[in-house]
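Visitor: Chain by chain, the residues:
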Amino acid sequence: MTTETKYRVIGTRPLRPDGVDKVTGRAIYGADVVLPRMAHGKVLRSPHPHARIISIDTSAAEKVKGVLAVISGRDMPDVTGSVAGGEGGDINMRYASNNVMAHGKALYEGHAVAAVVATSPHIASEALKLITVEYEVLPPVIDVRKAMEANAPILLDDLRTDSGGVKSESASNIAAHLVAEEGDVEKGFAAAAVVVEHEFTFQTVHQGYIEPHACTAEWRSDGQITVWCSTQGSFAVRQQVAAILKHPISQVKVVPTEIGGGFGGKIPVYLEPVAAMLSHKAQRPVRMVMDRTEVLMATGPTPGAYIKVKMGADADGKITAAQGYLAYEAGAYPDSFIGAGMLCLFAPYKLTNVKIDGFDVVVNKPSSTAYRAPGAPIAAFACETVLDEIAEKLGMDSLAIRELNSAVEGDWRAFAPPFTRIGALECVQAAIASDHWNTPLVKEGADGKKRGRGAARGYWGNWDGVSSAIGRLNPDGTVSLLEGSTDIGGSRASIAMMFAEAFGVEYAQVHPSVVDTDTVDYNDVTGGSRTTFGTGYAVYKLAKKMQGEIVEKLAEIWEVAADAITIDGSCYSSNGHSATITQLAKLFEEHGVHINASITAKGNNTSGAFATHIVDVEVDAETGKVEILRYTAVQDAGTAIHPSYVEGQMQGGVAQGIGWALNEGYFYDANCKLKNATLLDYRMPTALDIPPIETIIVEVPQPTHPYGVRGVGEVPIVPPTAAIANAIYDAVGVRLHALPMSPSNVWEALESK
Amino acid sequence: MRAIQYAAPRSLSDAVAILQERGSKARILAGGTDLIVQVGENVRDVDTLVDGKRIPELMKLSFDPVTGLTLGAAVPCYRVYEHPEIQSHYSGLVDSASIIGGTGIQGRASVGGNLCNSGPAGDTIPTLIAYSATARIVGANGERTVPVEDFCTAPGRNILQPDELLVSIHFPVPPAHFGAAYLRFIPRNEMDIAVVGVGASLALDDAGTIVSARVALAAVAPKPLYVPEVGYFLEGAIPSTEVFAEAGDIARSLVTPISDMRGTAAHRKHLTGVLVRRTLQRAFERARA
Numbered sequence: 001m002t003t004e005t006k007y008r009v010i011g012t013r014p015l016r017p018d019g020v021d022k023v024t025g026r027a028i029y030g031a032d033v034v035l036p037r038m039a040h041g042k043v044l045r046s047p048h049p050h051a052r053i054i055s056i057d058t059s060a061a062e063k064v065k066g067v068l069a070v071i072s073g074r075d076m077p078d079v080t081g082s083v084a085g086g087e088g089g090d091i092n093m094r095y096a097s098n099n100v101m102a103h104g105k106a107l108y109e110g111h112a113v114a115a116v117v118a119t120s121p122h123i124a125s126e127a128l129k130l131i132t133v134e135y136e137v138l139p140p141v142i143d144v145r146k147a148m149e150a151n152a153p154i155l156l157d158d159l160r161t162d163s164g165g166v167k168s169e170s171a172s173n174i175a176a177h178l179v180a181e182e183g184d185v186e187k188g189f190a191a192a193a194v195v196v197e198h199e200f201t202f203q204t205v206h207q208g209y210i211e212p213h214a215c216t217a218e219w220r221s222d223g224q225i226t227v228w229c230s231t232q233g234s235f236a237v238r239q240q241v242a243a244i245l246k247h248p249i250s251q252v253k254v255v256p257t258e259i260g261g262g263f264g265g266k267i268p269v270y271l272e273p274v275a276a277m278l279s280h281k282a283q284r285p286v287r288m289v290m291d292r293t294e295v296l297m298a299t300g301p302t303p304g305a306y307i308k309v310k311m312g313a314d315a316d317g318k319i320t321a322a323q324g325y326l327a328y329e330a331g332a333y334p335d336s337f338i339g340a341g342m343l344c345l346f347a348p349y350k351l352t353n354v355k356i357d358g359f360d361v362v363v364n365k366p367s368s369t370a371y372r373a374p375g376a377p378i379a380a381f382a383c384e385t386v387l388d389e390i391a392e393k394l395g396m397d398s399l400a401i402r403e404l405n406s407a408v409e410g411d412w413r414a415f416a417p418p419f420t421r422i423g424a425l426e427c428v429q430a431a432i433a434s435d436h437w438n439t440p441l442v443k444e445g446a447d448g449k450k451r452g453r454g455a456a457r458g459y460w461g462n463w464d465g466v467s468s469a470i471g472r473l474n475p476d477g478t479v480s481l482l483e484g485s486t487d488i489g490g491s492r493a494s495i496a497m498m499f500a501e502a503f504g505v506e507y508a509q510v511h512p513s514v515v516d517t518d519t520v521d522y523n524d525v526t527g528g529s530r531t532t533f534g535t536g537y538a539v540y541k542l543a544k545k546m547q548g549e550i551v552e553k554l555a556e557i558w559e560v561a562a563d564a565i566t567i568d569g570s571c572y573s574s575n576g577h578s579a580t581i582t583q584l585a586k587l588f589e590e591h592g593v594h595i596n597a598s599i600t601a602k603g604n605n606t607s608g609a610f611a612t613h614i615v616d617v618e619v620d621a622e623t624g625k626v627e628i629l630r631y632t633a634v635q636d637a638g639t640a641i642h643p644s645y646v647e648g649q650m651q652g653g654v655a656q657g658i659g660w661a662l663n664e665g666y667f668y669d670a671n672c673k674l675k676n677a678t679l680l681d682y683r684m685p686t687a688l689d690i691p692p693i694e695t696i697i698v699e700v701p702q703p704t705h706p707y708g709v710r711g712v713g714e715v716p717i718v719p720p721t722a723a724i725a726n727a728i729y730d731a732v733g734v735r736l737h738a739l740p741m742s743p744s745n746v747w748e749a750l751e752s753k
Numbered sequence: 001m002r003a004i005q006y007a008a009p010r011s012l013s014d015a016v017a018i019l020q021e022r023g024s025k026a027r028i029l030a031g032g033t034d035l036i037v038q039v040g041e042n043v044r045d046v047d048t049l050v051d052g053k054r055i056p057e058l059m060k061l062s063f064d065p066v067t068g069l070t071l072g073a074a075v076p077c078y079r080v081y082e083h084p085e086i087q088s089h090y091s092g093l094v095d096s097a098s099i100i101g102g103t104g105i106q107g108r109a110s111v112g113g114n115l116c117n118s119g120p121a122g123d124t125i126p127t128l129i130a131y132s133a134t135a136r137i138v139g140a141n142g143e144r145t146v147p148v149e150d151f152c153t154a155p156g157r158n159i160l161q162p163d164e165l166l167v168s169i170h171f172p173v174p175p176a177h178f179g180a181a182y183l184r185f186i187p188r189n190e191m192d193i194a195v196v197g198v199g200a201s202l203a204l205d206d207a208g209t210i211v212s213a214r215v216a217l218a219a220v221a222p223k224p225l226y227v228p229e230v231g232y233f234l235e236g237a238i239p240s241t242e243v244f245a246e247a248g249d250i251a252r253s254l255v256t257p258i259s260d261m262r263g264t265a266a267h268r269k270h271l272t273g274v275l276v277r278r279t280l281q282r283a284f285e286r287a288r289a
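If you read the sequences in order, they're chains A and B. Residue numbers for the first sequence follow the numbering used here, beginning at 1 and rising by one. Residue numbers for the second sequence follow the numbering used here, beginning at 1 and rising by one.
None of the hints are false.
Straight-line alpha carbon distances no greater than 20 angstroms define the calculated SDA-like cross-link-like pairs of lysine to any residue that follow: (1) K553(A) x H591(A); (2) K246(A) x R220(A); (3) K553(A) x A564(A); (4) K60(B) x P84(B); (5) K187(A) x D314(A); (6) K675(A) x V37(B); (7) K673(A) x E41(B); (8) K553(A) x C571(A); (9) K129(A) x N42(B); (10) K65(A) x Q283(A); (11) K65(A) x A3(B); (12) K675(A) x V43(B); (13) K450(A) x N189(B); (14) K129(A) x V46(B); (15) K308(A) x H198(A); (16) K63(A) x R2(B); (17) K129(A) x E41(B); (18) K553(A) x G592(A); (19) K449(A) x V274(B); (20) K129(A) x R2(B); (21) K675(A) x M191(B); (22) K675(A) x R44(B); (23) K675(A) x P222(B); (24) K187(A) x K350(A); (25) K675(A) x P155(B); (26) K129(A) x V43(B); (27) K602(A) x Y522(A).
Keep in mind the hints are simulated off the structure, nothing from the lab.
The whole structure should be built from the sequences, with the hints applied where relevant.
Guide: Here you go:
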């Protein structure tokens, strides 16, 4: 479903600029950077989920031939303050420093406690075994509700609970208690004909980017630090490295490589400051590459959680009240995206009586970070399964109740001004009209398997942030477009398309490249579904600025008044003169004129993106195994700049949502040890587990963007878990209140039915 | 830095000599899909890899209508499932060989390697037991032949002495009206380790009565588990869904699996019953065909 196009370039599907390098293996990723005299770093990690570090003896490791240096927490500067981290807000640098190298305490299994640099990675690995760390093992706590208990082991002695700006007197694992409230929930529940309330539990889940964290750092004797790394934000890396190492920002340059997936997990730094410090000690460039187990144990994950949701509706299906209690596991250090979870919990619905309590809680697990719509998928799982049950109790169609209650422009949402123009209702209506929803499902599969259909909705707010870009008109009429937004989902293509549209040239004339932090001006991270919106806005302004410069120079050459020059696409005319940009480029070269411009811009993204998903499943009730038969994702893209990459984002989000729904989750034993830190046993879906995913793009333009762009990358992961749960219920009549809905969990639920 | 010795003998006697010289830290390398990972992750303490792929007996794959199938220990899975006579006479072996890892893994991984790795969840081992396969072993003191059900002893351990290697696996010629199958349960649809695996075979007489049956289980015990009680129950029975379900109940009553990251004990016990029934049904359909 696309609207009549008014654009030349936007809405077409050109080849991506990075495609050939990627499919031919030429693209340079984080681990591919090679420098002369390069040495190799490895990290020693805590085997205990909670322990005080009494002493670290590195003398034996230092004596190994080929070992250049060994560092631990005492080699890292003491730091305070915070730097911009992106959509999650500022990054507390003391916590970030302690996370990359433990100071005093190890707070999770896999926490870095020391690092070795050697002439080969094998020597570094062998030397790690010779480091002796004396620990005082402390009792761990890995469950959010246990961590909130008064007598729980305390992770951070200085942590006080922040309740609306008021700090608790004693130390607590609860970093914050947030409240969002509107109307009167008690009155609302009293007016309801049906009230449904459930408790939900969620495991820790990892982003699962295929490229492990990798970087190369060189700290030269003149103080200049250069870092090559795979990251979602080269400027965020620059600021974190500078802050953790107490180094001037101007002396840190970050060169972003291609990135093999990030999903939010490549915003914080893990290896970069360590590699730089090892380089400082060894006086050589140092490369560090994590293995998969390190990635799963020490980076990423999205919070495990406990959620309670209560919703009521009147006899017509109108929601009268909604209440939520969300407790998220931040991992070792505060910030679990609890606020985002609260914002998204009930966002698709028009609510007049609502109360949400949110708790950000530290536990002895890896420090959580953003994962694609962080905090939202598990919140949506709770809301959307409860609402499904209300619809069933009222005898209503599950999409009809969602249409009836849909939020529209002007409606309330948590922690933000009321919605501006949004496409929430349009997505539900497109789902209701879809081929999928209107094709009857045969409820019996082969061998007695049961089939069911479910639907769910999701919301994710879009961030705007700051973007910069540089444009250079070359003498042949092509344009070099320099960007600082690392490209994790085809953004080079869509940004070049918006520039081409605005500047009046063809897509093929624009050559975009992602450059280092010394070459382009400041850019916020690629995250928060902001890049196509924010960097697209910046290159629109850049194109207009370059047109202004062309007019100014042309006025001098043509000897006419600037305001007498008219622009029609690529054609500039005035008083009998007329020339295309390509002709002008040559003319400017003859006159020694160069059109170069740079822009730094911050857009204003006021609403966000909605999605409605439909799924058919088949359940083997004897084993509990769930197969996905058919999947349709409907999403408001505002304007789909490059529809193939919008569809790709939708499909990718669904694929990750299917993994989260069915099998993914950290498995801990009775001693709080992680037992599945491999891709064999941390079961992400494979190609055989994901059906073709149908996509329906709805286009309700975002009013504050010149091309109506909405961020599309994150919201498609929000509805899948709930849609699949609702489909399982339709198939076999059990409602699941925990993820993952693995075969053993589904089977157990069927057994206790 | 740790160094690993590599040897590539061209005869069984050379291989045995190397094993004798290097002792218990030497290990035969077939496809390496388990071994190289285990050495890299320090799961097995190995200082010498003895490549078996240059030894003709380890790469031999031949079928004889009188004596049966000889499968060299290092023959990769793809040669097994692409072999026409294995496809027509040993379809249960095709079941196992074609689900190990993924296509890329099957280009290297061998059935013999799966047996010598002796994992409780090895996907070929129940099938070998169901086919009454035997393991031909050669060592410093000569040669011996052992039924596959007696080969594994504990997770990752087996009866091979430090100077011995598995040469080949021998399968008897299937009798008339014989069928075998392997089914496993995994949460995903590929690249997974069995939560429960079942290998089963049935031989029928001309009237359709079961004359012999063998069932073996993966991932429910410290080693692949032969459950002769299920075979005894089936002998003399007329095949039916009910009989196979009862056989599943018997198998379920015999296992005491553990809970771990791959599955719960209760779910494994339950799946044992379901999969024994389904595997017997598939073996029966092949026996009848």
